[in-house]
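> So the mapping is simple: this note's numbering equals the position in the sequence shown, first residue as 1, plus 20.
Certain hints may be false.
To be verified - Label-pair ranges, simulated between beta-carbon atoms:
1) F117 - P26: 24 to 30 Å
2) L86 - A41: 27 to 33 Å
3) G231 - T122: 14 to 20 Å
4) I73 - S113: 25 to 31 Å
5) R37 - Y114: 28 to 34 Å
It is worth saying that the hints were derived from the structure and are not from the lab. Since the model is a prediction, treat every value here as computed from it, not as a measurement. We put the beta carbon where it would ideally sit given N, CA and C, even for glycine.
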Amino acid sequence: MLVIVPLGLTLLPFSARWWFAFAVPGVISLWLPRGAVSITLASIYLAGTLGLIALAVRDFLRHKRLRPREIALYTALATPSIAALALVAERSSYELFGFDLTVLSLTVAHFHFAGFAAALIAFLVAGPRTTAGDAAAISVPLGTGIVLLGFFLGDPVELAGAAVLTAGMWLVGWNLWRRARQVDRTTGVLLTISAAVLVATMLLALSWALGHVVATPYLPLEWMVATHGLANAVGFALCGLLAWRRLGTTEGAG
Numbered sequence: 021m022l023v024i025v026p027l028g029l030t031l032l033p034f035s036a037r038w039w040f041a042f043a044v045p046g047v048i049s050l051w052l053p054r055g056a057v058s059i060t061l062a063s064i065y066l067a068g069t070l071g072l073i074a075l076a077v078r079d080f081l082r083h084k085r086l087r088p089r090e091i092a093l094y095t096a097l098a099t100p101s102i103a104a105l106a107l108v109a110e111r112s113s114y115e116l117f118g119f120d121l122t123v124l125s126l127t128v129a130h131f132h133f134a135g136f137a138a139a140l141i142a143f144l145v146a147g148p149r150t151t152a153g154d155a156a157a158i159s160v161p162l163g164t165g166i167v168l169l170g171f172f173l174g175d176p177v178e179l180a181g182a183a184v185l186t187a188g189m190w191l192v193g194w195n196l197w198r199r200a201r202q203v204d205r206t207t208g209v210l211l212t213i214s215a216a217v218l219v220a221t222m223l224l225a226l227s228w229a230l231g232h233v234v235a236t237p238y239l240p241l242e243w244m245v246a247t248h249g250l251a252n253a254v255g256f257a258l259c260g261l262l263a264w265r266r267l268g269t270t271e272g273a274g
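Let the sequences and hints guide you as you build the complete structure.
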């Protein structure tokens, strides 16, 4: 809320200085006991995420185009609202759609990193309008959407989504690796780390989804958070966005 999203927003042709006014209450709500105060603060954050959706709608109405990279961009701007809705439910001790509070709390993190950061970086790598860039830009939102449907339709659907998302993220990683060879050393190291992390983390995601469909081994939830989750948050999302920040351009984001 206070790092990945505002960092990502600086890479876009939008003015979002207002974000912290909504994000700070959201973060505070995580540290308070469940109850009226934390629910109110989480609801303020939810309102802020709706502002991101409004930015997406305004951009679409202005340009009236929906190429793969726009789909990735609008997905990035929409997914924090899913995280915020889960946060409000979790702070309310309400099992939204039947999901327990642990799943809801993980959803908050998941849709900031696997949602916002992944789709945003997919948008950024699609800048040169290459086939690989467009494929990444469309497959990351598609995979994310199928995984979300899998929460409701069952593990096989979630596995299909994980496969599509993994393919998309590996395409993102390949584009990041190619870009790393064209920039200064520090930026190249950040891009390389961001790309390399995806090889391992998405294999973990696939093994998790596969293990819930067939009898194959997979890490327990706590280890998935400590490995897949942490590596994606720091290695992929933070390093990737810092690299693009150093580049100082979204390569035709307008």
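> Does each hint fit the structure? Answer for all of them.
Here is what the structure says about each hint:
Remark: the range hint 24 to 30 Å for F117 to P26 is upheld by a beta-carbon distance near 29 Å. Take L86 and A41: their Cβ atoms lie about 30 Å apart, and the range 27 to 33 Å holds. Our hint of 14 to 20 Å for G231 and T122 holds, since their Cβ atoms are close to 18 Å apart. Restraint check, I73 to S113: a C-beta distance of roughly 26 Å satisfies the suggested window 25 to 31 Å.
For R37 and Y114, the hinted distance range of 28 to 34 Å is satisfied, since their beta carbons lie about 32 Å from each other.
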